[in-house]
Amino acid sequence: MGQTIVQKILAKATGRPSVEIGDVVEPNVNLAMSHENAALVINQFLEIYKGIGLAPKVWDPSKIAIIFDHRVPAESSKTATNQKKVRNFVAEQNITKFHDIRGDEMGICHQILPESGYVRPGYVVVGTDSHTTSHGALGAFSFGIGATEMASVWTLGTILNVQVPQTIKVVVNGTFNQFVLPKDLILYLIGQLTAEGANFRVIEFHGEAIRNMSTSGRLTICNMTVEAGATSGIVPPDEETINYLRNTAGVTDEIELINPDSDAEYEKIIEINASDLVPQIACPHTVDNVKPVENVAGVKINQIVVGSCTNGRLDDLEIAAKILKNKKIDKNVRMLVFPASGRIYKEAMKAGYLLDLMEAGAVIVNPGCGPCLGVHQGALGDGEVALSTTNRNFKGRMGNPNSEVYLSSPAVAAASAITGFITDPRELN
Amino acid sequence: MAKVVYKFGDDISTDIIYPGRFMATVLPTETPQYAFADNKDLNSMLVNGQIPKGSIIIAGKNFGCGSSREQAVSTIKGHELIIIAKNFARIFLQNSVNLGLNTITCPDIEADVDDEIEITENKVINKTKGKEFDIIPHPPARQAIIDAGGLINYTRKKLLEKV
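Residue numbers (the numbering used here), protein chains in the order written: chain A, 1 to 429; chain B, 430 to 592.
The hints are simulated quantities; they were obtained by calculation from the structure and are not laboratory data.
Source: prediction; values computed, not measured.
C-beta atoms are modelled at their ideal positions from N, C-alpha and C, and glycine is treated no differently.
Watch out, some of these pointers could steer you wrong.
Said to hold, decoys possible - Sample of chain A residues at the chain B side, in silico, Cβ under 10 angstroms:
#, residue
1, 97
2, 128
3, 175
4, 227
5, 398
Claimed, not checked - With a cut-off of at most 20 angstroms between alpha-carbon atoms, the simulated PhoX-like pairs for lysine-lysine come out as follows:
#, chain 1, residue 1, chain 2, residue 2
6, B, 591, A, 57
7, A, 395, B, 490
8, A, 395, B, 436
9, A, 268, A, 300
10, A, 97, A, 84
11, A, 50, B, 591
12, A, 50, B, 587
13, B, 587, A, 57
14, A, 57, B, 586
15, B, 586, A, 50
16, B, 469, A, 395
As the list claims (entries may be wrong) - Residues of chain A clear of chain B, computed beta-carbon distances all greater than 10 angstroms:
#, residue
17, 116
18, 243
19, 315
Hey, can you work out the whole structure from these sequences and the hints?
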């Protein structure tokens, strides 16, 4: 029996010829990422070294990435103090992949990692963030862990007790229709699988619609696989991956492509025809409560959010700007746009997208996680409704349990900004 | 023997267990005050000490879905509650093993608030209903972390073996 891509990656990371599904392994980690919650990781890391007479020292400072994104610039003195603690640790331990609050290097961790060339096909990547699944877009086995587990990785350089997961193969053929985006595909898939349908499993993406998809779109779909419970999403690396790594991420050294065997063992295979897809909406308060846009069209919106690790990339801002160019956002709606990184912010600025969005009435917020998790930007009032391109709509997610969040693609979000209610972008004009 | 103090449905997210706006609070000694913060009844019972340690929360499928925030585990651990769920989301389950929160996977569990529960090695016995339900045990590798008293102890031991 052949091997899935994750079996092959785990075999390589454990120095074995092959691994079987269900085996418990301790793979070497190629990249260990944290954001502000590095403050808790540091606490647990120092705890491990307590009373044993050894100086706390991370296993390999070049393999640790720390990116401030959740609360930037700091919203409180508490956060600012945590960030200061992390900065001091970064300096002490010589951690080089550190992205502070600076226009020329900041961004959301799940954009900074790919655009900086930190992630390569075949890597084992762990991050103290559930959306670490994103980096499967580049052919890495990449998954979220807790802070104490990260402290263990910082100490040992391996991730303990990984059970080789089952894989669900998703084959997407056909071509996307106008205004139907990768976000619609992943929302549709989550609706089919349910919020726990892929728990402890990997989702491997195949088919011509995936082959033709940009790395940006692949990041969107892998990002949200965790909303079906998946350990990770993964796209077998190809020409597009190489082009992205060479031309966007500036990678010059050798790139090794690890791909699944054609006779790999999958738990199940799901086939989707992209040509049949229509824009999708995840309705409150679970991400798997997915409906075609026509079923919820007309719901009144108070706040539109475009951005995040799911949909804050240049093509996302481009489609929103194109829909909103020379138009005005409805008077009863406020629209917040937060590019996924400083680099994307600058590119969107040069391309004129930010100007188009501002002239339509949108507020451009600095790169970061922004309003997605209800921490410090764009909280909702009691009884208010948001339509957001982010990845979660749990009760209270945007900072107020007495509000509602709908999730959509940037095209649906931009179309809805014009009308003030949920609108199918195909129905505009 | 312990009592069920609260019952949840399916898909209880970490945003419900520990809302994102409290994430700047990270230390396990400080997180318990925000447990289920948006559920005012449950939070006030916990914070006011009206729920005895060792009490049981019942949940459906996919408890702890969403964010990897470890505060969602330390906040419950701080109140020494036991969670019995039909199943748990992966990261939450691993975090609970790492921090020593008692999570019990019991796919067929039937229990309501105020039921008296006894937990044995492989069964949950609902004394009030007169029924018992099988537990899915942790795999050996995960149990080894629990037996070591959590991941900090386990990693420390591994580190000392290496040097």
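Taking the hints in turn, this is what the structure says about them:
1. Given the 10 angstroms rule on beta carbons, the hint for residue 97 (chain A) is violated: about 19 angstroms separates it from the nearest Cβ of chain B.
2. A hinted interface residue such as residue 128 (chain A) counts as satisfied when its beta carbon comes closer than 10 angstroms to some beta carbon of chain B; here the least separation is about 6 angstroms, so the hint holds.
3. Nearest Cβ of chain B to the Cβ of residue 175 (chain A): about 33 angstroms, over the 10 angstroms cut. The hint is violated.
4. Interface restraint check: residue 227 (chain A) against chain B, minimum CB-CB distance 8 angstroms, threshold 10 angstroms, status holds.
5. Among the interface hints, the one on residue 398 (chain A) holds; its C-beta lies about 9 angstroms from the nearest C-beta in chain B, closer than the 10 angstroms criterion.
6. Pair hint residue 591 (chain B) plus residue 57 (chain A) holds up; C-alpha atoms about 14 angstroms apart against a cutoff of 20 angstroms.
7. With a C-alpha separation of about 17 angstroms, the suggested pairing of residue 395 (chain A) with residue 490 (chain B) holds against the 20 angstroms cut-off.
8. In summary, the hint linking residue 395 (chain A) to residue 436 (chain B) is supported, as the alpha carbons are separated by about 17 angstroms, within the 20 angstroms threshold.
9. Distance restraint check for residue 268 (chain A) and residue 300 (chain A): the Cα-Cα separation of roughly 39 angstroms exceeds the 20 angstroms cut-off, and the hinted pair is therefore not satisfied.
10. A hinted pair counts as satisfied when its Cα atoms are at most 20 angstroms apart, and residue 97 (chain A) with residue 84 (chain A) qualifies at roughly 16 angstroms.
11. Between residue 50 (chain A) and residue 591 (chain B) the alpha-carbon distance is near 16 angstroms, which keeps this suggested pair within the 20 angstroms criterion.
12. A distance of roughly 14 angstroms separates the Cα atoms of residue 50 (chain A) and residue 587 (chain B); the hinted pair therefore holds under the 20 angstroms criterion.
13. A threshold of 20 angstroms between alpha carbons decides the hint, and for residue 587 (chain B) with residue 57 (chain A) the separation of about 15 angstroms falls inside it, so the pair holds.
14. With a C-alpha separation of about 16 angstroms, the suggested pair residue 57 (chain A) and residue 586 (chain B) falls inside the 20 angstroms cut-off, and the hint holds.
15. Between residue 586 (chain B) and residue 50 (chain A), the direct Cα distance comes to roughly 12 angstroms. Compliance with the 20 angstroms bound is thereby established for this hinted pair.
16. Annotation: proposed proximity of residue 469 (chain B) to residue 395 (chain A) holds, straight-line Cα distance about 14 angstroms (limit 20 angstroms).
17. No beta-carbon of chain B comes within 10 angstroms of the beta-carbon of residue 116 (chain A); the shortest separation is about 22 angstroms.
18. With a minimum CB-CB distance of about 31 angstroms to chain B, residue 243 (chain A) clears the 10 angstroms threshold, and the non-interface call stands.
19. Every beta carbon of chain B lies more than 10 angstroms from that of residue 315 (chain A), the smallest distance being close to 26 angstroms; the non-interface claim holds.
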